[in-house]
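Undergrad: The primary structure of each chain is shown beneath.
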Amino acid sequence: EDQVTQSPEALRLQEGESSSLNCSYTVSGLRGLFWYRQDPGKGPEFLFTLYSAGEEKEKERLKATLTKKESFLHITAPKPEDSATYLCAVQSFSNDYKLSFGAGTTVTVRA
Amino acid sequence: GAVVSQHPSWVICKSGTSVKIECRSLDFQATTMFWYRQFPKQSLMLMATSNEGSKATYEQGVEKDKFLINHASLTLSTLTVTSAHPEDSSFYICSATALVGGSYEQYFGPGTRLTVT
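Protein sequence lines correspond, in order, to chains A and B. Numbering-wise, the numbering used here puts 9 at position 6 of the first sequence, and it's gapless, one number per residue. Numbering-wise, the numbering used here puts 188 at position 95 of the second sequence, and it's gapless, one number per residue.
Keep in mind that the hints were calculated from the coordinates and are not lab data. It is possible that some hints are incorrect.
[Claimed, not checked] So these bits of chain A aren't anywhere near chain B, every CB distance computed over 10 Å:
#, residue
1, 16
2, 31
3, 101
4, 103
5, 114
[Stated by the list, open to error] List of simulated lysine-lysine pairs, DSSO-like, C-alpha gap at most 30 Å:
#, chain 1, residue 1, chain 2, residue 2
6, B, 134, A, 101
7, A, 45, B, 157
8, A, 45, B, 159
9, A, 45, B, 113
10, B, 148, B, 107
11, A, 60, B, 134
12, A, 101, B, 157
13, A, 45, A, 60
14, A, 45, B, 107
15, B, 148, A, 45
16, B, 113, A, 82
17, A, 101, B, 148
18, A, 101, B, 113
19, B, 107, A, 71
20, B, 148, A, 62
21, B, 159, A, 72
22, B, 159, A, 101
23, B, 134, A, 82
The C-beta atom is built at its ideal place from N, Cα and C for all residues, glycine as well.
Full structure from sequences and hints, please.
TA: Next comes the structure, spelled out in structure tokens:
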């Protein structure tokens, strides 16, 4: 069974204070690892998909990296609008495109 | 591109009634859609996989007779909560798989807040 563990549960940052979120996973044959952003009362917004160890992707102040056991989402010089819950999910070759989600990390950025 | 819509965005119904939620892929065709539910401060839990033209596949513990799923076309899947009860109150979110740049990405709708009184 695919398992995804995110840490920390919550992260409070000062504006401009860079930090990283962790996503550890166990999966039998990784098809892809996904990062989403979710604002309260809304559906998840797609950020990145990573497919192989060593891969990196960037979007504005966010950068996602992938190893064989975990992924990191780096937030560089965050702004208050980066406050959200960040969800990590994995998709395995044996699971018909289903996503298994972690519990998420809630990031709060103070001005 | 890859926009998924849901309707309604929120609904209040009385216990014992049925509610239908629509999920549409607006600018792409989706052979596979997924339905999730999310309780407050919890992550998304997959309920079922909806495939166009065939029966939905339900996750363990999800009552298929209570949560009826129909995927009648490549752009529309519906979830009907039958004989709703207060414990069915939740945030229901659908997603659709789109082929983007040679890879299958999964895009989510904005969610439907169901409250059963």
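Undergrad: Now tell me if each hint is right for this structure.
TA: The hints, checked one at a time:
With a least CB separation of 20 Å from chain B, residue 16 of chain A remains clear of the 10 Å interface cut-off, as annotated. Residue-level check passed: residue 31 of chain A sits 17 Å from the nearest beta carbon of chain B, beyond 10 Å. Distance check for residue 101 of chain A against chain B: the nearest CB is about 6 Å away, which does not clear 10 Å, and the non-interface claim fails. Look at residue 103 of chain A: its CB is around 8 Å from the nearest CB on chain B, not clear of 10 Å, so calling it non-interface is violated.
With 10 Å as the threshold on Cβ separation, the claim that residue 114 of chain A sits away from chain B holds: the shortest Cβ distance comes to roughly 24 Å. Pair hint residue 134 of chain B plus residue 101 of chain A holds up; C-alpha atoms about 22 Å apart against a cutoff of 30 Å. A C-alpha spacing of about 25 Å is found between residue 45 of chain A and residue 157 of chain B, which places the hinted pair at or below 30 Å, so the restraint holds. Taken as a hint, the residue 45 of chain A and residue 159 of chain B pair is honoured in the structure, with Cα atoms around 24 Å apart against an allowance of 30 Å.
Taking the CA atoms of residue 45 of chain A and residue 113 of chain B, the gap is near 19 Å; set against the 30 Å cutoff, the hint holds. Among the hinted pairs, residue 148 of chain B with residue 107 of chain B is consistent with the structure: their alpha-carbon atoms are about 28 Å apart, no more than 30 Å. With a C-alpha separation of about 28 Å, the suggested pairing of residue 60 of chain A with residue 134 of chain B holds against the 30 Å cut-off. Of the pairs offered as hints, the one joining residue 101 of chain A and residue 157 of chain B holds, with about 18 Å between alpha carbons and a cut-off of 30 Å not exceeded.
Of the pairs offered as hints, the one joining residue 45 of chain A and residue 60 of chain A holds, with about 24 Å between alpha carbons and a cut-off of 30 Å not exceeded. Proposed proximity of residue 45 of chain A and residue 107 of chain B is supported: the alpha carbons are some 24 Å apart, at most 30 Å. The hinted pair formed by residue 148 of chain B and residue 45 of chain A meets the criterion: a straight-line CA distance of about 28 Å does not exceed 30 Å. Restraint check: the Cα-Cα separation between residue 113 of chain B and residue 82 of chain A comes to about 39 Å, which exceeds 30 Å; the hinted pair is violated.
Annotation: proposed proximity of residue 101 of chain A to residue 148 of chain B holds, straight-line Cα distance about 16 Å (limit 30 Å). The hinted pair formed by residue 101 of chain A and residue 113 of chain B meets the criterion: a straight-line CA distance of about 23 Å does not exceed 30 Å. At most 30 Å may separate the alpha-carbon atoms for a hinted pair to count; residue 107 of chain B and residue 71 of chain A exceed this at roughly 49 Å. Proximity of residue 148 of chain B to residue 62 of chain A is assessed by CA-CA distance (about 38 Å); at most 30 Å being required, the pair is judged violated.
In summary, the hint linking residue 159 of chain B to residue 72 of chain A is not supported, as the alpha carbons are separated by about 38 Å, beyond the 30 Å threshold. Restraint check for residue 159 of chain B and residue 101 of chain A: satisfied, since their Cα atoms lie roughly 21 Å apart, inside the 30 Å limit. Proposed proximity of residue 134 of chain B and residue 82 of chain A is supported: the alpha carbons are some 23 Å apart, at most 30 Å.
Violation of the numbered hints given earlier is confined to hints 3, 4, 16, 19, 20 and 21; the remaining hints are satisfied by the structure.
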